[in-house]
Amino acid sequence: MARFTDRDMRGKNSEAVGGNGLIDRRALLGRGVVFAGAMSTGIGQSSAAAAAEPLVDDPWSLEFGDPMLPYQVPSKFEAKVVRTLSNPNHEPRNSHARTPHHLLQGTTTPNGLHFSINHGGVPDIDPDKHRLVIHGLVKQPLEFTLETLSRYPMTSRITFLECGGNSAPLFSPQPLQENVQALHGLVSCAEWTGVRLSTLLEETGIDPRAKWLIAEGADSPHLSRSVPVKKALDDAMIVLYQNGERLMPGNGYPMRLLLPGYEGNMNVKFLRRIKLVEEPAMSYYEARTYSQILPGGKAYRFYFVQEVKSFITSPSHGMALKGPGLYEISGIAYSGTGRIEKVMVSADGGASWAQAALQEPVLSKAFTRFRMPWRWDGGPATLQSRAWDEAGNVQPTRAEFVAVRGELTKPPPVLAFPNQHYNSITSWGVGSNGEVKHVYA
Amino acid sequence: MFTPKGAVLAGSLLLAVVADASMAETPHLGKPIDEAAIANWDISVMPDGAGLPKGSGTPAQGAPIFAEKCSACHGDNGKGGIAAAVVSDARIDGISAAQKTIKNFIGNSTTIFDFIRRAMPFQAPRSLSDDEVYALTAYILAENKLIGANDVMNAETLPKVKMPNRDNFIIRFPDRI
Numbered sequence: 001m002a003r004f005t006d007r008d009m010r011g012k013n014s015e016a017v018g019g020n021g022l023i024d025r026r027a028l029l030g031r032g033v034v035f036a037g038a039m040s041t042g043i044g045q046s047s048a049a050a051a052a053e054p055l056v057d058d059p060w061s062l063e064f065g066d067p068m069l070p071y072q073v074p075s076k077f078e079a080k081v082v083r084t085l086s087n088p089n090h091e092p093r094n095s096h097a098r099t100p101h102h103l104l105q106g107t108t109t110p111n112g113l114h115f116s117i118n119h120g121g122v123p124d125i126d127p128d129k130h131r132l133v134i135h136g137l138v139k140q141p142l143e144f145t146l147e148t149l150s151r152y153p154m155t156s157r158i159t160f161l162e163c164g165g166n167s168a169p170l171f172s173p174q175p176l177q178e179n180v181q182a183l184h185g186l187v188s189c190a191e192w193t194g195v196r197l198s199t200l201l202e203e204t205g206i207d208p209r210a211k212w213l214i215a216e217g218a219d220s221p222h223l224s225r226s227v228p229v230k231k232a233l234d235d236a237m238i239v240l241y242q243n244g245e246r247l248m249p250g251n252g253y254p255m256r257l258l259l260p261g262y263e264g265n266m267n268v269k270f271l272r273r274i275k276l277v278e279e280p281a282m283s284y285y286e287a288r289t290y291s292q293i294l295p296g297g298k299a300y301r302f303y304f305v306q307e308v309k310s311f312i313t314s315p316s317h318g319m320a321l322k323g324p325g326l327y328e329i330s331g332i333a334y335s336g337t338g339r340i341e342k343v344m345v346s347a348d349g350g351a352s353w354a355q356a357a358l359q360e361p362v363l364s365k366a367f368t369r370f371r372m373p374w375r376w377d378g379g380p381a382t383l384q385s386r387a388w389d390e391a392g393n394v395q396p397t398r399a400e401f402v403a404v405r406g407e408l409t410k411p412p413p414v415l416a417f418p419n420q421h422y423n424s425i426t427s428w429g430v431g432s433n434g435e436v437k438h439v440y441a
Numbered sequence: 442m443f444t445p446k447g448a449v450l451a452g453s454l455l456l457a458v459v460a461d462a463s464m465a466e467t468p469h470l471g472k473p474i475d476e477a478a479i480a481n482w483d484i485s486v487m488p489d490g491a492g493l494p495k496g497s498g499t500p501a502q503g504a505p506i507f508a509e510k511c512s513a514c515h516g517d518n519g520k521g522g523i524a525a526a527v528v529s530d531a532r533i534d535g536i537s538a539a540q541k542t543i544k545n546f547i548g549n550s551t552t553i554f555d556f557i558r559r560a561m562p563f564q565a566p567r568s569l570s571d572d573e574v575y576a577l578t579a580y581i582l583a584e585n586k587l588i589g590a591n592d593v594m595n596a597e598t599l600p601k602v603k604m605p606n607r608d609n610f611i612i613r614f615p616d617r618i
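Listed in order, the protein sequences are those of chains A and B.
For reference, each letter of the first sequence is one residue, going 1 to 441 in this note's numbering.
For reference, each letter of the second sequence is one residue, going 442 to 618 in this note's numbering.
To be clear, the hints were calculated from the coordinates, so they are not data collected in a lab.
Take these hints with a grain of salt, some might be off.
Said to hold, decoys possible - Derived EDC-like pairs: lysine to aspartate or glutamate, alpha-carbon spacing no greater than 16 Å straight-line:
| id | chain 1 | residue 1 | chain 2 | residue 2 |
| --- | --- | --- | --- | --- |
| 1 | B | K603 | B | D616 |
| 2 | A | K230 | B | D571 |
| 3 | A | K139 | B | D572 |
| 4 | A | K76 | A | D66 |
| 5 | A | K139 | A | E278 |
| 6 | A | K437 | A | E178 |
| 7 | A | K322 | A | E147 |
| 8 | B | K520 | B | E509 |
| 9 | B | K472 | A | E63 |
| 10 | A | K298 | B | D608 |
| 11 | B | K495 | B | D571 |
| 12 | A | K298 | B | D592 |
| 13 | B | K472 | A | E178 |
| 14 | A | K211 | A | E178 |
| 15 | A | K211 | A | E279 |
| 16 | A | K231 | B | D616 |
| 17 | A | K322 | A | D377 |
| 18 | A | K129 | A | E143 |
| 19 | A | K211 | B | E476 |
| 20 | A | K342 | A | D24 |
| 21 | B | K586 | B | E509 |
| 22 | A | K139 | B | D517 |
| 23 | B | K520 | B | D534 |
| 24 | A | K230 | A | D207 |
| 25 | B | K510 | B | E466 |
| 26 | B | K495 | B | D616 |
| 27 | B | K495 | B | D572 |
| 28 | A | K410 | B | D608 |
| 29 | B | K472 | A | E341 |
| 30 | B | K510 | B | E597 |
| 31 | B | K601 | B | D489 |
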């Protein structure tokens, strides 16, 4: 995490905007140079106290370096920056890989770290043999190859993708002692490039009776989901590229459906068939898995939207602050209904709030990085973030959320999906020893 | 575009025609294909039974198929193993998704046929004949006491099976449909 000495923050510039050390973000803007020199030193409270040792040349400065690779990979010193796997031995069941948000910055998830869930392994698809057919209630069924789709007008869009079950461990009645990767690692954000679905539907024509489409993948479960035609004509895409390169196999190579803001499972990967129909199919994943049991026994169906959410990635569970001083609280906010309007941050468990700085550009249905300067005085603190979107939706407190959606009677396994569409506030407790833990507040 | 909108407007509003034409200007590289050629991929079954194939099966026919091809994961008689139970009388109490069963949650009988046919057995999907899928569906429904032990499942009878939880769903955002 970024850490600063507080030398410059003592005195008149330390304009408190919230309790327990939150500082006016404007007090820091434009003063980056001051802090940059003191960042991440790992040294104690005062940089002046660090006795300077004479600088020497390290071995890498004295020898011919390594060869370059055709496709470069991160430094070996970054080996811990990987996804966590739910099924590392490839047993015959589904597999999840979670994004390490606590080790990343900015808003773009590198392709190798994008979350992925596969229900029947990752298919090894020959792109030259892959076909996409659009049929059903259309004027003319059509078959497309990757080559033909590549000649269509392309559009790019930066958008998050989130599993409907992301953050589900927070349905636990007690806070699971797990980090942000385990709790919130099933969301990522990338630039997706492909063809608007509306363009292809214009070519097939749509029978006015068609209100839904069934999207189906070429994977072994032939995963299928029903999607309203309304969404298909709004902003749906058939995407071929992820952050500029072809889709990763685990993210749907060679083509997937992209439904910005809608739950991940609907964004059908390895897309091979779209059938226009009058009614939803009530396929397994919409009839069972992605319908949510409510207190009282009824269940939500067709939730679709990933609602406004934010969480702090640094400091976060499992980190340790190295002494009092100035820190930057940083995190991610996003909403399936539009742009993030504002993010408020609290250091005292919600007793007081201050507005965080949002990193530009703030894009609709995309990750927005927020930042908040905070001077830790060495005492207990409870860090929270709360997001608002442009549609007026506000991230609920945990109490507000649980009052409507309920919570489990006992803690679930962290890898379970005990329910879905959890979007309330996440709280990190900072102890006097600097250790950060997951708490409810 | 398949609509004659551009042609209709052509006589009166040149500007509109131009706008319409530019919107419609797409490569048209999709290859026409008829439904017969898609049939092997068209495995979607709808709640009203549309898409159900010919064929039939009974619980008695399904029992040995289940024992041979399903019980290794789903347990003897479908009571659960490394994969979820498909036969259970458990009731829902609280919000945990782990409680969901065919009997207490699934709203449409056709979902069972559709999922078995497209995804099961897990390591050999699409290897069952349609008669086998009907028989397995019949077996599971009968073991759950949702049909009689001698009931035949086919394209006519399966959609008529009433699932106990069918009326317990709330559409979350109706305006998005």
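Between K495 of chain B and D616 of chain B, is the straight-line Cα distance small enough, at 16 Å or below?
37 Å, violated
Proposed proximity, E63 of chain A with K472 of chain B (alpha carbon, max 16 Å):
Judged against 16 Å, a Cα distance of about 58 Å means the pair is violated.
With a cut-off of 16 Å on the C-alpha distance, tell me whether K298 of chain A and D592 of chain B pass.
30 Å, violated
Pairwise hint evaluation, E509 of chain B against K586 of chain B, where the allowed Cα distance is 16 Å at most
Distance of about 22 Å is beyond 16 Å: violated.
Need the status of pair K298 of chain A, D608 of chain B: alpha-carbon distance at most 16 Å?
9 Å, holds
Just to be careful, I want the Cα atoms of K603 of chain B and D616 of chain B compared with a cutoff of 16 Å; is the pair within it?
28 Å, violated
Quickly compare the C-alpha distance for K322 of chain A and D377 of chain A to 16 Å and report which way the hint goes.
Holds, because 12 Å separates the two Cα atoms, which is no more than 16 Å.
16 Å limit on alpha-carbon distance, applied to hinted pair K510 of chain B and E597 of chain B
Cα-Cα ~26 Å, so violated.
Is the hinted pair K211 of chain A and E279 of chain A satisfied, with a Cα-Cα distance of at most 16 Å?
7 Å, holds
Taken at face value, is the distance from the CA of D207 of chain A to the CA of K230 of chain A at most 16 Å?
13 Å, holds
K495 of chain B and D571 of chain B: Cα distance at most 16 Å?
Between K495 of chain B and D571 of chain B the Cα gap is close to 8 Å, so the pair holds against 16 Å.
Measure nothing beyond the straight line between the CA atoms of K231 of chain A and D616 of chain B; if it is 16 Å or shorter, mark the hint as holding.
11 Å, holds
Checked against the numbered hints listed earlier, the structure breaks hints 1, 2, 3, 7, 9, 12, 13, 14, 19, 21, 22, 23, 25, 26, 28, 29 and 30; every other hint is satisfied.
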